[in-house]
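Engineer: Here the sequence shown stands for residues 5 to 141, where the numbers follow our numbering.
Honestly, the hints are just simulated from the structure, not real lab data. Please read these numbers as outputs of a predicted model, since none were measured by experiment. Backbone N, C-alpha and C define an ideal beta-carbon position, used for all residues, glycine too. Treat the hints with care, as some may be off.
Within a straight-line C-alpha distance of at most 16 Å, the following computed EDC-like cross-link-like pairs (lysine to aspartate or glutamate) qualify [what the hints assert, rightly or not]:
#1 Lys92 to Glu77
#2 Lys120 to Asp45
#3 Lys25 to Asp12
#4 Lys25 to Asp45
#5 Lys120 to Asp70
DEER-style ranges, computed between Cβ atoms [claimed, not checked]:
#6 Arg22 to Pro56: 13 to 23 Å
#7 Glu71 to Glu17: 25 to 35 Å
#8 Arg22 to Trp136: 15 to 25 Å
#9 Gly73 to Asp45: 17 to 27 Å
#10 Ala21 to Pro57: 17 to 27 Å
#11 Gly119 to Arg53: 24 to 34 Å
#12 Pro51 to Lys25: 14 to 24 Å
#13 Leu67 to Asp12: 26 to 36 Å
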Amino acid sequence: MNKQASLDRVFSELDHARLFKLSDAHVAPDGSLPPLFDLLDEGGVIPPRQIPPDVVTMHSRVLVTDEQGEQREITLCYPHEADLAAGKYSVLSPIGTALLGMRARSSTQYRTPNGKTVLLRIDAIRFQPEAWGNYLL
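All chains should be modelled from the sequences, with the hints used to inform the complete structure.
Structural biologist: Right under this line is the structure:
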């Protein structure tokens with residue numbers, strides 16, 4: 005992910021604060037943090053009521069298409085809520101981090117655990133809590 009891509013991202017103040025609280029529990033033995041925390045430092049932070057409806061936020065349900073044309077629906081969630089069989093991906097997973105703060109009709113990429121880079125197109129946001137007036141989810 006290049007720095008310009010992360011500068012284009014925006015996060016709600018609530019998501020930003022909640023995600024930073026996760027950092028203490030996810031420090032690696034070498035003292036490093038998952039890439040999400042660098043991303044949070046680089047993106048814009050705005051009040052939840054000002055989040056545009058086309059931005060991926062926590063608990064958003066997103067329709068994505070990969071390079072092979074495979075389309076799937078992903079719900080972005082906190083680590084304790086993750087359930088891959090139900091399409092719920094942790095924000096700390098490579099795909100979750102890649103999606104957070106991105107806009108519908110944009111593309112992003114992530115690296116799989118085996119080192120492969122995958123390009124994703126964000127086709128639509130099917131549900132975003134803030135767009136439905138839920139600022140606390």
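Engineer: All hints are to be evaluated individually against the structure, with a verdict given for each.
Structural biologist: Hints, one by one, checked against the model:
1. Lys92 to Glu77: Judged against 16 Å, a Cα distance of about 9 Å means the pair holds.
2. Lys120 to Asp45: Outside the cut-off at roughly 25 Å; violated.
3. Lys25 to Asp12: 23 Å, violated
4. Lys25 to Asp45: Holds - the C-alpha atoms of Asp45 and Lys25 are around 13 Å apart, at most 16 Å.
5. Lys120 to Asp70: Judged against 16 Å, a Cα distance of about 13 Å means the pair holds.
6. Arg22 to Pro56: 13 to 23 Å: 20 Å, holds
7. Glu71 to Glu17: 25 to 35 Å: Between Glu71 and Glu17, where Cβ atoms are some 34 Å apart, the hint holds.
8. Arg22 to Trp136: 15 to 25 Å: 18 Å, holds
9. Gly73 to Asp45: 17 to 27 Å: 34 Å, violated
10. Ala21 to Pro57: 17 to 27 Å: For Ala21 and Pro57 the Cβ distance comes to about 21 Å; the hint holds.
11. Gly119 to Arg53: 24 to 34 Å: 40 Å, violated
12. Pro51 to Lys25: 14 to 24 Å: 18 Å, holds
13. Leu67 to Asp12: 26 to 36 Å: This hint is violated: roughly 20 Å between Cβ atoms.
Checked against the numbered hints given earlier, this structure breaks hints 2, 3, 9, 11 and 13; the rest are met.
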